[in-house]
Amino acid sequence: MPELPEVETTRRGIETHLTGVRVAEVIVRRHDLRQPVSKDLSTIEGRRFTAVRRRSKYLLLETDDAGTLLIHLGMSGSLRVVFPSDPWKLHDHVGITLDNGRQIRFHDPRRFGLVLRLTGDPMRHPLLKKLGPEPLEDAFTAGYLQSACAKRSAAIKGVIMDAKVVVGVGNIYASEALFRAGILPRTQARRISKVRLTRLVAASREVLTDAIQEGGTTLRDFLNSDGEPGYFKQRLFVYERKGQPCRVCATPIRHAVIGQRSTYWCPKCQK
DNA sequence: ACTGGCTCCTGAGGGC
DNA sequence: TGCCCTCAGGAGCCAG
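Numbering (this note's numbering), first residue to last: 1 to 271.
For the record, the hints were derived by calculation from the structure and aren't laboratory data.
Take these hints with a grain of salt, some might be off.
[To be verified] 30 Å max Cα-Cα, derived DSS-like pairs, lysine-lysine:
no. : residue 1 : residue 2
1   : Lys39     : Lys89
2   : Lys151    : Lys129
3   : Lys194    : Lys271
4   : Lys130    : Lys89
5   : Lys151    : Lys39
6   : Lys39     : Lys129
7   : Lys130    : Lys164
8   : Lys194    : Lys268
9   : Lys194    : Lys130
10  : Lys164    : Lys151
11  : Lys268    : Lys233
12  : Lys164    : Lys194
13  : Lys129    : Lys194
14  : Lys268    : Lys242
15  : Lys151    : Lys194
Note that this is a predicted model, so its numbers are computed, not measured.
All chains should be modelled from the sequences, with the hints used to inform the complete structure.
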């Protein structure tokens, strides 16, 4: 489910409920996520959350003296702000009760997500230390992308989805960014000129920024922390629009599986 | 160092 | 209604 805009939407939604608030109780109903939920999560009981950050598609819930909770939503995960008395839904796996009368509920049907407690510098954790730059920060430049693409014969779409190159660009926004940049998704990365990579950097930033503005994309089941969908689906140019007219030139949108992932493009607007 | 393929898991939707 | 098949927003791991 969630790509960077959806994770950022979630971060913003929980931040105000968490920051400065003390943890009353941690309830773990299922431990068997992608990695087992940390056995010692209850260590944060009685501690305060000091900040809610995001790195790539990971959420980092920092505490004052019990490390950082690292949460990843996988394909189907979400965090909701609820009341402790609200009934637990199927696939609600973790609840963090706060002393302000709310509870954060981690829900994840497919269980590809993560809930880990890290101690020390979280950026040195194996899951985080090899990540590429944030697409909305200054380090993601055309020059940087050009060097990352220089020796890669793989399709550009897969390269921009590679978290070692740049984080946060998932399957929806990779197709959307390539459309906005006018680049065919199968193009070999090393064959793309710097001018076109400059456009791709700008397009990636724009599509992610626009999607955050709309609260993310809800295709099937993404809900923000208040249980509301995102509205960016209406702004998608190509994703899940196979056979429908291009919003720019009316040519039917094409679809193929590229690198095991569903991919969409306009054969006229993209070269 | 890259590449493509496979895997984890559950649920939704389509075809018959 | 039910059954079977395909597909899904992530990303780590593997062999070649």
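Outcome of the hint check:
no.: 1; hint: Lys39 x Lys89; in the structure: 22 Å, holds
no.: 2; hint: Lys151 x Lys129; in the structure: 23 Å, holds
no.: 3; hint: Lys194 x Lys271; in the structure: 15 Å, holds
no.: 4; hint: Lys130 x Lys89; in the structure: 35 Å, violated
no.: 5; hint: Lys151 x Lys39; in the structure: 43 Å, violated
no.: 6; hint: Lys39 x Lys129; in the structure: 23 Å, holds
no.: 7; hint: Lys130 x Lys164; in the structure: 6 Å, holds
no.: 8; hint: Lys194 x Lys268; in the structure: 21 Å, holds
no.: 9; hint: Lys194 x Lys130; in the structure: 25 Å, holds
no.: 10; hint: Lys164 x Lys151; in the structure: 14 Å, holds
no.: 11; hint: Lys268 x Lys233; in the structure: 22 Å, holds
no.: 12; hint: Lys164 x Lys194; in the structure: 20 Å, holds
no.: 13; hint: Lys129 x Lys194; in the structure: 28 Å, holds
no.: 14; hint: Lys268 x Lys242; in the structure: 14 Å, holds
no.: 15; hint: Lys151 x Lys194; in the structure: 14 Å, holds
Checked against the numbered hints listed earlier, the structure breaks hints 4 and 5; every other hint is satisfied.
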